[in-house]
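S.K.: Okay, here's what each chain looks like letter by letter:
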Amino acid sequence: MKLSRLFIDTDLDRTEEVEYLISRTGLDPEPVKDSAPVYDLINHAADPVSLAKKILYITQNRGAVVRECPGTSHYTCCDYTILHTGTFCTMDCSYCILQAYFHPPVLQYFAGLDSLSHSLDEVFSRQKILRIGTGEYTDSLIWEPVSRMPGFLVEKFAGQNRSVLELKTKTVNTDGLLDLDHKGKTILAWSVNTPEVIRSEERGTAALAARLATARTCAEKGYKLAFHFDPLVLYEGCESAYERVIQSIFTHVDPSDVVWISIGTFRFMPQLKPVIASRFPDSIIPYGEFILGLDNKMRYFKPLRIALYRRLTKILREIAPGVLVYYCMEDQEVWEKTMGFFPGKPGALGHLLDAAAADRCGLDKSLL
Amino acid sequence: MQAFQIDQIPLSAIDVADKGFRITRADDDVSALAASMTGAGLLVPPLVLARDQGFVPVSGFRRLAAAASLDWESIACRIAASTSEKTLAKQAVAENAFQRELSPGEQVRAAGLLGRHMDAREIADASLAIFNTRLNPGFITHLIRIHSLPHPAIDLLEAGNLSIKAAKTLTGFDTSTAAAFLSLFSKVRVSSSKQMEIMTWAREISVREKLPVADLCAGKEIAALLETGGPTAKNAGHKDLAAAGNLLRAYLFQRRFPALDQAKKSAAGYLQTLKLPRGVTMTLPEHFESMMYSLSMNFKTPEELQTQLKALAELPGQEEFASLVNR
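Respectively, the protein sequence lines represent chains A and B.
When we follow my numbering, the leftmost residue of the first sequence carries the number 61, and every step to the right adds one.
When we follow my numbering, the leftmost residue of the second sequence carries the number -12, and every step to the right adds one.
Be careful, since some hints might not be right.
[Claimed, not checked] Here are the simulated lysine-lysine pairs, DSSO-like style, with alpha carbons at most 30 Å apart:
no.	chain 1	residue 1	chain 2	residue 2
1	A	357	B	152
2	B	155	A	357
3	B	262	A	357
4	B	6	A	333
5	A	397	B	251
6	B	197	A	357
7	A	333	B	73
8	A	374	B	251
9	B	181	A	357
10	A	333	B	251
11	A	114	A	357
12	B	152	A	333
13	B	197	A	333
14	A	243	A	281
15	A	333	B	252
FYI, nobody ran anything at the bench for these hints, they're computed from the structure.
It should be emphasised that the depicted structure is a prediction, and the values quoted were computed from it without experimental measurement.
Take the sequences, apply the hints, and build the full model.
M.R.: This is how it looks when you write it as structure tokens:
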């Protein structure tokens, strides 16, 4: 984490968690009464997105800690639950939606393990299985080298059997987690892509080989794994390149260690396109054959999506037939033409994933 | 208040080739104005600036041209009281702006003229007095930038081949890209939104294919289709610029979105051969993203509806229909 400035709320309790975070950044914290000075500083930069990646703001989460994934209309959602522990990211992927999602983006760390713990106790008391992740508005493990939070969450989830934690990342920051007594309730998940896409579009992330080597190490420590092929990027030769990524995954890890694999082609809010064009002028990623989808996001023309999905689902079935493969935000036609079925009813896809989590992570199956 | 001295000046003493203050287009037809000056006389004398030798026009370029076309030997002129270029520039613009709404090309020339002496903020602050309307500094800045576009940008603005919005976009491009688009727009006439589409698609093709926009625009394919945009039957010898524009858009769309273009053409082919009952229209899903096709029908009598429904019942059995829907 290469930070240049650190801001902290003046009214924030300087707990051990906070002091540890400050000490790990190596920066002198600048106290602020509220977020306004941080937002102003970033908003007035020539490139707010780039500046925001270098400024950490330690604050409290003043909104909901546990949220349902917003999903999108017309496409099937996996009914994920988001644990809102921070925002934005220090890595710099050209396609990252967070560049256009926040106005402006601010790298926030929401301190307060006690309140987080209370929120999770309430979640764990529910009579239902939840799949909970911190990787919706940030990368789950960019924080691991500087913060107590990832380790705290792993241990917190280890103490119950109704929910599973998914830590989704493009880093290899797992050292502090390896020896924890996770009791199988944490899934370490990697967003994966082809080496070409990682090299050209995912600045500051770990190489594919490093991600997979780390996944193997984690599996050896008993962690269950997940992989997310999202976003799939269409380019000449991409089908074979993605097939090689799949083959590479399963030369590193055993299919029985993988709880699920998600697939989704690149899709984006139209307002992201000028951001990419401006910040990454050499990137060709926004210039694919996109159409405006039913949810007003740009998506690849459907036959192109289906063609790639067919190739990938075929090889996944061959190599890892027991692993649950699902689409993130796709529709009936795509499911039926590539998977041969459609989890059409509301919650049906979520139920499949819950069942996989219960089976692989030892959750209470009576809640299914 | 400033009073102008009016003198009768020989036309030969006025350097009409000096267009430093001109904001109207140079090749305007002045025959109507000449007829008016013959019939009603010169109602408003041109404004000229006295120099050491002779005069230069500040406003009234068309009146001077009309007088020359009428072989007048002299013309009544107002002599500018100020020799300040800034004041004269403001007068040159105001004289036109308070007679009529300035065309896009005139606005650009006016901003370019004023921009030599004032910044955008100062022009905006004085815009009500100069342009007869309030203009904001951002808009003025854009006009000044457009003024610095290569030839024939302003001519294309005047001719309606280039919108202010498209011209504004061009100012963000490098010179060769801007020149390439200007060359294209001199050969087609399309709406502002289509001009934007043409630029967007061409630039995206350029990035996708790692081909400079200038090379794309100068390529054989585009040259050939603009050539065959060709003389229309009605207007032999002149290009049909609108038709050429449509050909250009279709070509760029096909090259930018090859799979979508192919699917649209294929579906259009099936639709054409489909035996839809009279009064029934079939609408395809937008971009083929949804699975929802729709049929709409118009009928006047129950019998007509009955006929349509009977024909519709046979629709799923048609090969073309199956090809269209079972995509």
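S.K.: Determine for every hint whether it applies to the structure shown.
M.R.: Here is what the structure says about each hint:
no. : hint          : result
1   : 357/A / 152/B : holds, 25 Å
2   : 155/B / 357/A : holds, 27 Å
3   : 262/B / 357/A : violated, 35 Å
4   : 6/B / 333/A   : violated, 43 Å
5   : 397/A / 251/B : holds, 20 Å
6   : 197/B / 357/A : holds, 26 Å
7   : 333/A / 73/B  : violated, 43 Å
8   : 374/A / 251/B : holds, 28 Å
9   : 181/B / 357/A : holds, 22 Å
10  : 333/A / 251/B : holds, 25 Å
11  : 114/A / 357/A : holds, 29 Å
12  : 152/B / 333/A : holds, 19 Å
13  : 197/B / 333/A : holds, 18 Å
14  : 243/A / 281/A : holds, 10 Å
15  : 333/A / 252/B : holds, 27 Å
Comparing the model with each earlier hint shows violations of hints 3, 4, 7; every other hint is respected.
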